[in-house]
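Here is how the chains run, residue by residue.
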Amino acid sequence: MSAIVDLVLGVVTSIGGFVEVGSISTSAQSGAEYGFQLLWAIAIAAAMLALLTEMSGRLSVMSKRALAAAVRERFGIHFQVVPLAAELVLDLLLLTAELGGAGIAVKLLTGIGFQWTIVPLAVMVWAILWFSSFAVVEHGIGLLGLVTLSFVLAAWRLGPDAGDLARSFVPSLPAHDGVRYAFLAISIVGATVSPYLLNFYSSGTIEEEMKREDLWVNTATTYGGNMFGALVAMGVLVTSAMVLQPLHIQVDSYEQAALMFVPAFGRWAVTLFALSLGIGCIGAALEISLNTGYLLAQVFGWSWSANKRRDENARFSTAFTVILIAATGIAVLGFDPLRLTMISVALTVVVMPVMVLPFLVLMNDRKFVKDRTNTPIGNAILAGLTLVGALFALIVIPLEVFGG
Amino acid sequence: MSHHELYLDALLGRMVIAGNNRPVGRLEEFHAEQRGDYFHIVGFAIGSAGLMERLNVSIRALFGKSRGGRIARWDQIDISDPARPRLTCSVEDLADIGP
Amino acid sequence: MHLVRDLLDKAVIDRNGREMGRADRVVLEVGRGSPPRVAAIEVGASALGQRLGPGWGRWAAALLHGFGVDHGQPLRIHVSQILGVTDTIAVDLAFGQTPAANVECKLRRIIRVLPGADR
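Respectively, the protein sequence lines represent chains G, E and X. First residue of the first sequence: 12, per our numbering; consecutive thereafter. First residue of the second sequence: 6, per our numbering; consecutive thereafter. First residue of the third sequence: -16, per our numbering; consecutive thereafter.
Here chain G stands alone, though its shape is the one from the complex:
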């Protein structure tokens, strides 16, 4: 019975926690500029995320180590310095963007400029981390995040053509600006498959003391949660496509993106959009901050757990506090959260091979995963997608940046 409860809770919180500033911005822009055409990118990204998070849970259960610890032990510190530095930089950028997104959400509700609310929002995030256990952080915010189902409801209310939707799951060439189309496709992958999610999920598996006999829960939660969660991101894209594209509204700000809710929700449009954006961003900010503590503690061998006293894990507690302070300091300078988001999700795809390929090696090392190694087909799919994605990103990002 407990396993069933864990499964349901896991899937529900995965749905609630799926969208955050990256997926909202990339899906909204994709829908506004290319209609339904990039739905296939969300599907592929969600499938990659499901594969990777299932692997990270399986690694932790079988090896009793989180991903970062396993990388250090298998490859040594000389190798780990590279993905560690890359992940810390990306996490800092993304955390800054999430705080900015949450600030925009507050601005939509209150009219107060987002730079003024960054500090109180960051203090709130820190307070949740400081006073709560892992379960509250993981499940509490995930449950609140179910408000993001507003995107699915909005898309359903707008009545998109089922045939058009179905055809959009097959990749097709765009009618205009192929570079921008490719850039958005890559950004969707980068927004969905955030590196912090892998170590966060693997650390969470250890926090929750998942056992080998519960691996089916891990599989069901990761696949079910991510595939259903992808429906929310698709809801963003479809709603944006049906409302903003016909009006030729390009999403240059989150305030513009909020307009997509007007036909479906009328006077509740801004409130629902703001709540969805805000809760999604706060949830991601919590995970990214906590993951920084996990990452550094596991690499350097410190004591760590969100379920233990903060003073008994002083270095771990300090680490997640410091990254929040750093991100807050950058966010209050007023960088455009949307622009920062797009930069960080694009860079994610470029560095993805450095994170994913060693992970694949671990998943084939019986010292770590015993008899639960990956299949050759699974290895080939993930390695192929990661390398192709990175190659595309290296070509497309400069073209997008310097071309316009």
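These are computed hints drawn from the structure, not numbers from a lab. Keep in mind it's a predicted model, so treat the numbers as computed, not measured. Glycine residues also receive a C-beta, built at the ideal position from the N, C-alpha and C atoms. Treat the hints loosely; a few may be bogus.
[Stated by the list, open to error] Where chain X lies over chain G, by a calculated footprint (3+ residues, C-beta under 8 angstroms):
| no. | segment |
| --- | --- |
| 1 | 286 to 297 |
| 2 | 310 to 320 |
[Unchecked claim] Quick list of simulated restraints, FRET-style, between CB atoms:
| no. | chain 1 | residue 1 | chain 2 | residue 2 | range |
| --- | --- | --- | --- | --- | --- |
| 3 | X | 59 | G | 124 | 36 to 44 angstroms |
| 4 | G | 93 | E | 94 | 35 to 43 angstroms |
| 5 | X | 14 | G | 138 | 55 to 63 angstroms |
| 6 | G | 319 | X | 69 | 21 to 29 angstroms |
| 7 | G | 184 | E | 15 | 53 to 61 angstroms |
| 8 | X | 39 | E | 47 | 28 to 36 angstroms |
| 9 | X | 48 | G | 344 | 28 to 36 angstroms |
[Claimed, not checked] Computed far set for chain X versus chain G, every beta-carbon distance over 12 angstroms:
| no. | residue |
| --- | --- |
| 10 | 23 |
| 11 | 59 |
| 12 | 71 |
| 13 | 80 |
Using the hints, position chains E and X against chain G.
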């Protein structure tokens, strides 16, 4: 008996040179046995690429195939200069790591 | 035992089961006519820094010394203090005896000013 100290990481990845000054491979692992309080190194695994071996990004490794290599007994290698470990025997005398 | 696979970079656990850090370096004793042997493991930021490069080692040592948490020397654990090597390296020490504990203690004093630190 006088001992001097050196760090394992000073040896890891170093190119092993044969008597004819030709490279044999890089030190990638150190096999040890416990004798009393100490772990004594009984063999040095010599592979093709050192750090790359540990990174193990070859397609063969991803699909479960091993890489081969050679093992030198502790008396078949001179590590007095850790930057330039040298075989004290011929390459043919080294054992294979096996599949 | 394989020293790179089983010892280097592995988590070090004290006699109470608490994480102490990682085996950042392995010290060998080399003598004529006898096999080299593991003499000790080193744990700490300065050891890790030295392994990455002498400059990093000096910087790490200076940083720790600057914070007044140790003399910039890593913790060296003699092989006789290693109780066992499995998934982790169990040692016959208590975390409180180590330089890393000095860092934790300093941070703990700061953290305990904040409410909720003991939750």
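_In rising order, the numbers of the hints this structure does not comply with_ = Going through the list in order, the structure violates hints 1, 3 and 12 and respects the others.
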